[in-house]
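Novice: Sequence:
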Amino acid sequence: MAKSRVTSLYDLQEKALETAQRLVDYDSYQESETRATSALAKRCDGWSKDECRAWLLKALEVHRDGIACVKGHEDRAWEIHRNGERLADDRIAADFAARHEHHGFPRDLLDGVLGWVFYLYHLR
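Our numbering puts the last residue of the sequence shown at 124; the count rises by one with no breaks.
All clues stand as given, with none of them false.
Okay, the calculated beta carbon distance ranges per label pair: (1) Arg-82 / Ser-8: 32 to 42 Å; (2) Ala-54 / Trp-78: 31 to 41 Å; (3) Glu-61 / Asp-108: 15 to 25 Å; (4) Leu-123 / Arg-22: 12 to 22 Å; (5) Glu-101 / Asp-75: 21 to 31 Å; (6) Glu-101 / Tyr-26: 26 to 36 Å; (7) Ser-32 / Tyr-10: 22 to 32 Å; (8) Glu-101 / Arg-76: 13 to 23 Å; (9) Arg-82 / Thr-7: 34 to 44 Å; (10) Ala-94 / Arg-64: 15 to 25 Å; (11) Arg-64 / Arg-124: 13 to 23 Å.
Keeping only pairs whose Cα atoms sit at most 20 Å apart, straight-line, the calculated DMTMM-like set for lysine to aspartate or glutamate is: (12) Lys-49 / Glu-31; (13) Lys-42 / Glu-18; (14) Lys-58 / Asp-27; (15) Lys-58 / Asp-25.
Treat the hints as calculated values from the structure; they're not laboratory data. Glycine included, every Cβ here is placed at the ideal spot set by N, Cα and C.
The task is simple: from the sequences and hints, build the whole structure.
Specialist: Given below as structure tokens:
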């Protein structure tokens, strides 16, 4: 199967968040932002290494804040989960998205960060 190549800004942003997740949650890339940037750049045809690094740094900030956000609202996140609702539909997600609006990530990707963090740190 051929590797998926990035052709759009959205794809770059999504892959930057995935790379940040691997770096923070799984200690991938030998805990090196430089190695993570290189890995991201290899997955992102049409984007310079500097552009990839800039998006990775934004993604790392978003991901780390997502961990803190879910931890800070853990009781509410569990309540939402028990009720079969989506964290993305709650005020927590709206506030999180507003805090990171300046980074330029689309709302659905920011919602995905919170969902992933809740799954990884609280459900798994």
